[in-house]
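K.L.:
Spelled out, the chains give:
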Amino acid sequence: MRAVLSRHTSSAILAIACVVVGAVGRAQQPPAENPPTLVAILPMDNLTGRTADAAPVAEAWRAALVARGVQVLDESRLRSLMDAHRVRYTGGLPSDLAVAFRDEAAVTGVLVTSIERWEESGSPALALTSRLVSTESQPRILWVDGVGASGEDHPGFLDLGVVTDPGILLDRTIGKLADSLAASLWRTGIKSSHPERRFRPRQEFRHPEGLSAASPTRIAVLPFTNRCPRRHAGDLVALHFVHQLAMREDVEVVEPGVVRDMLLRSRLIPEGGIAFNQAALLKELLGADLVLTGDVLDYIDTAGENQVPVVDFMTQLLDSGRRSVVWSSFHHNTGGDRVWFFDKGRIRTAGALGSAMAQATVERMLREPTSSDRSRAK
Amino acid sequence: MRGTNVARACIAGTLLVLGAGCAARRGAQVTFHEPTMDFSLVHTVAVMPFANMSTAQAADKRVRDVFMTMLQATGQIYVLPMGEVQRGLSRAEMQNPAAPSGPDVVALAKVLNCDAVITGSVLEYGEARSGSAAANYISLSVQMLEATTGKLVWSAQSTRGGVSGADRMFGGGGQPMNVVTADAVNDVLDLLFKAK
Numbered sequence: 000m001r002a003v004l005s006r007h008t009s010s011a012i013l014a015i016a017c018v019v020v021g022a023v024g025r026a027q028q029p030p031a032e033n034p035p036t037l038v039a040i041l042p043m044d045n046l047t048g049r050t051a052d053a054a055p056v057a058e059a060w061r062a063a064l065v066a067r068g069v070q071v072l073d074e075s076r077l078r079s080l081m082d083a084h085r086v087r088y089t090g091g092l093p094s095d096l097a098v099a100f101r102d103e104a105a106v107t108g109v110l111v112t113s114i115e116r117w118e119e120s121g122s123p124a125l126a127l128t129s130r131l132v133s134t135e136s137q138p139r140i141l142w143v144d145g146v147g148a149s150g151e152d153h154p155g156f157l158d159l160g161v162v163t164d165p166g167i168l169l170d171r172t173i174g175k176l177a178d179s180l181a182a183s184l185w186r187t188g189i190k191s192s193h194p195e196r197r198f199r200p201r202q203e204f205r206h207p208e209g210l211s212a213a214s215p216t217r218i219a220v221l222p223f224t225n226r227c228p229r230r231h232a233g234d235l236v237a238l239h240f241v242h243q244l245a246m247r248e249d250v251e252v253v254e255p256g257v258v259r260d261m262l263l264r265s266r267l268i269p270e271g272g273i274a275f276n277q278a279a280l281l282k283e284l285l286g287a288d289l290v291l292t293g294d295v296l297d298y299i300d301t302a303g304e305n306q307v308p309v310v311d312f313m314t315q316l317l318d319s320g321r322r323s324v325v326w327s328s329f330h331h332n333t334g335g336d337r338v339w340f341f342d343k344g345r346i347r348t349a350g351a352l353g354s355a356m357a358q359a360t361v362e363r364m365l366r367e368p369t370s371s372d373r374s375r376a377k
Numbered sequence: 000m001r002g003t004n005v006a007r008a009c010i011a012g013t014l015l016v017l018g019a020g021c022a023a024r025r026g027a028q029v030t031f032h033e034p035t036m037d038f039s040l041v042h043t044v045a046v047m048p049f050a051n052m053s054t055a056q057a058a059d060k061r062v063r064d065v066f067m068t069m070l071q072a073t074g075q076i077y078v079l080p081m082g083e084v085q086r087g088l089s090r091a092e093m094q095n096p097a098a099p100s101g102p103d104v105v106a107l108a109k110v111l112n113c114d115a116v117i118t119g120s121v122l123e124y125g126e127a128r129s130g131s132a133a134a135n136y137i138s139l140s141v142q143m144l145e146a147t148t149g150k151l152v153w154s155a156q157s158t159r160g161g162v163s164g165a166d167r168m169f170g171g172g173g174q175p176m177n178v179v180t181a182d183a184v185n186d187v188l189d190l191l192f193k194a195k
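Those sequence lines, one after another, are chains A and B. Numbering of the first sequence is given in numbering that gives the first Met the number 0, commencing with residue 0 and proceeding in unit increments. Numbering of the second sequence is given in numbering that gives the first Met the number 0, commencing with residue 0 and proceeding in unit increments.
If you're looking for bench data, these hints aren't it; they were derived computationally from the structure. If you're wondering where the values come from, they're calculated on a predicted model, not measured in any experiment. It is possible that some hints are incorrect.
[Said to hold, decoys possible] So the derived list for chain A, only partly shown, Cβ under 8 Å to chain B, looks like this:
#: 1; residue: Arg201
#: 2; residue: Gln202
#: 3; residue: Asp294
#: 4; residue: Leu296
#: 5; residue: Met313
#: 6; residue: Val325
#: 7; residue: Ser327
#: 8; residue: His331
#: 9; residue: Gly335
#: 10; residue: Trp339
[To be verified] Cβ-Cβ distance ranges computed for the label pairs, FRET-style:
#: 11; chain 1: A; residue 1: Asn276; chain 2: B; residue 2: Met52; range: 18 to 24 Å
#: 12; chain 1: B; residue 1: Met168; chain 2: A; residue 2: Asn276; range: 56 to 62 Å
#: 13; chain 1: B; residue 1: Lys109; chain 2: A; residue 2: Ser79; range: 52 to 58 Å
#: 14; chain 1: A; residue 1: Gly286; chain 2: B; residue 2: Lys109; range: 48 to 54 Å
#: 15; chain 1: A; residue 1: Asn305; chain 2: B; residue 2: Lys109; range: 50 to 56 Å
#: 16; chain 1: A; residue 1: Arg217; chain 2: B; residue 2: Met52; range: 41 to 47 Å
#: 17; chain 1: A; residue 1: Arg197; chain 2: B; residue 2: Thr148; range: 30 to 36 Å
#: 18; chain 1: B; residue 1: Glu92; chain 2: A; residue 2: Asp52; range: 44 to 50 Å
#: 19; chain 1: A; residue 1: Arg197; chain 2: B; residue 2: Asn185; range: 17 to 23 Å
#: 20; chain 1: B; residue 1: Ala55; chain 2: A; residue 2: Glu270; range: 51 to 57 Å
#: 21; chain 1: B; residue 1: Gln28; chain 2: A; residue 2: Arg230; range: 46 to 52 Å
#: 22; chain 1: A; residue 1: Leu263; chain 2: B; residue 2: Thr148; range: 39 to 45 Å
#: 23; chain 1: B; residue 1: Met168; chain 2: A; residue 2: Glu270; range: 38 to 44 Å
#: 24; chain 1: A; residue 1: Gly48; chain 2: B; residue 2: Ala55; range: 40 to 46 Å
Glycine included, each C-beta is placed from N, C-alpha and C at the ideal position.
Using the sequences plus the hints, can you model the full thing?
P.N.:
So, in structure tokens, the structure goes:
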């Protein structure tokens, strides 16, 4: 009897633990208020820094969404709409294009995908970020997720888990993202990892009075200034921040396509950083309470088996209302940081490393004020 | 008796090695404070782009980023954002922001409404070699110029990293560049806050 009771007790404890762990693992992603009924997949935005055949990625996305019961806009219809509006930039969705998609094709969500790395030869690697943007007059990010994967992520026993076929890696990666998107559309829970301590900023400053009184805080992420040889590194780090900030309930991120469009229209070139008057202009035009910007100093992907990626950047968050820097941080990490045994925890792509660093930064940036913060404010 | 001598020699040798290691790691620090300056009045500073005298590309930008963040993180001084400084430089039409003249500093401080302007130079940044051993090292100097007169009120220099005795004997590549940079910036900031 006692043995049965203890078995029941242990089962109950196990069940409760599973529920608790499951609840903790849920993403804090905002659910889509009106699940899109028709999705348009924009051609992939190539941020690899060289020519890449992105057609297989787009095809994989289309197949994955159809398989999950999501209606996708016909490719010829998409092409004709893009030709009619002379769309060249596919890394974001400006307001006028969003409205055109809604009015002319009855599209309710547009999928924007930026490819950071796509290696088909040798050891395959794929890093990309996708987001679903609403087609309202003020486009909103409904869902966002990113994956950085390589064929050697999970080598397992005797390297049996090593993936050498890029097609398999592509299907797995897109499948993971499509599951996440479908879960968001059907409002089921999405699992997300927790920020890791090892990727926290090396140095940080947070305004003692907190970031912003507005709730949810509306943040515009500007492309970071690229000071390293890797092309598009500034856009990539900005994209990682868009991803991590959009996952938070207490933050509303301005769609990067809208930010870019506004910068072009107002002929605003934030060379060497953004000034307060420019931040004030963005607040007026975009309603952004805060503006995030920074510098990227290193964004190095692995070139060989024994190499680790290196990412190095600094961030500044500006509040034009207070004319003040409310957050500032400096980061430097490698994919091998605090990896001691059997490559456990090693990160093999700069995309995954940058995303982990952005996640840890956002967690520190938006944390609840501690007692030392409060005493500083006084 | 002979055993005691050997033990003494071993201890002396170990201390020598450790001492040599520490001597190489310890930063060489030099500082100047204007005696009549009240540093507690400095609340807002503009950090100019640093001069790069090393052979490493972008060393000036890296060190400036670390310096700005660490100075801001002290919570004692407000550091103007980079874009704001850039705007000020454009408006003041400053020719050489890394080495501004007194009138330039006064004009810039008026535009930016700051109490002091900080300039800096990265003197060395890279890898030092000694035999087969190699280690990262940095040498930087930073100056503070007062806003109303453009006068130099504080200057400091620090050198960190390099090949230690332990590196020579046991190998090892010293500290990562970012750690060495943060150490050097920390030295300089210590020297600044001692000025109070």
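K.L.:
Determine for every hint whether it applies to the structure shown.
P.N.:
To see whether the hints hold, each was checked on the structure:
{"no.": "1", "hint": "Arg201", "verdict": "7 Å, holds"}
{"no.": "2", "hint": "Gln202", "verdict": "5 Å, holds"}
{"no.": "3", "hint": "Asp294", "verdict": "6 Å, holds"}
{"no.": "4", "hint": "Leu296", "verdict": "5 Å, holds"}
{"no.": "5", "hint": "Met313", "verdict": "4 Å, holds"}
{"no.": "6", "hint": "Val325", "verdict": "10 Å, violated"}
{"no.": "7", "hint": "Ser327", "verdict": "5 Å, holds"}
{"no.": "8", "hint": "His331", "verdict": "4 Å, holds"}
{"no.": "9", "hint": "Gly335", "verdict": "11 Å, violated"}
{"no.": "10", "hint": "Trp339", "verdict": "17 Å, violated"}
{"no.": "11", "hint": "A:Asn276 x B:Met52: 18 to 24 Å", "verdict": "34 Å, violated"}
{"no.": "12", "hint": "B:Met168 x A:Asn276: 56 to 62 Å", "verdict": "57 Å, holds"}
{"no.": "13", "hint": "B:Lys109 x A:Ser79: 52 to 58 Å", "verdict": "57 Å, holds"}
{"no.": "14", "hint": "A:Gly286 x B:Lys109: 48 to 54 Å", "verdict": "32 Å, violated"}
{"no.": "15", "hint": "A:Asn305 x B:Lys109: 50 to 56 Å", "verdict": "54 Å, holds"}
{"no.": "16", "hint": "A:Arg217 x B:Met52: 41 to 47 Å", "verdict": "43 Å, holds"}
{"no.": "17", "hint": "A:Arg197 x B:Thr148: 30 to 36 Å", "verdict": "47 Å, violated"}
{"no.": "18", "hint": "B:Glu92 x A:Asp52: 44 to 50 Å", "verdict": "48 Å, holds"}
{"no.": "19", "hint": "A:Arg197 x B:Asn185: 17 to 23 Å", "verdict": "21 Å, holds"}
{"no.": "20", "hint": "B:Ala55 x A:Glu270: 51 to 57 Å", "verdict": "23 Å, violated"}
{"no.": "21", "hint": "B:Gln28 x A:Arg230: 46 to 52 Å", "verdict": "40 Å, violated"}
{"no.": "22", "hint": "A:Leu263 x B:Thr148: 39 to 45 Å", "verdict": "43 Å, holds"}
{"no.": "23", "hint": "B:Met168 x A:Glu270: 38 to 44 Å", "verdict": "49 Å, violated"}
{"no.": "24", "hint": "A:Gly48 x B:Ala55: 40 to 46 Å", "verdict": "22 Å, violated"}
In terms of the numbered hints stated before, the structure departs from hints 6, 9, 10, 11, 14, 17, 20, 21, 23 and 24, listed from lowest to highest.
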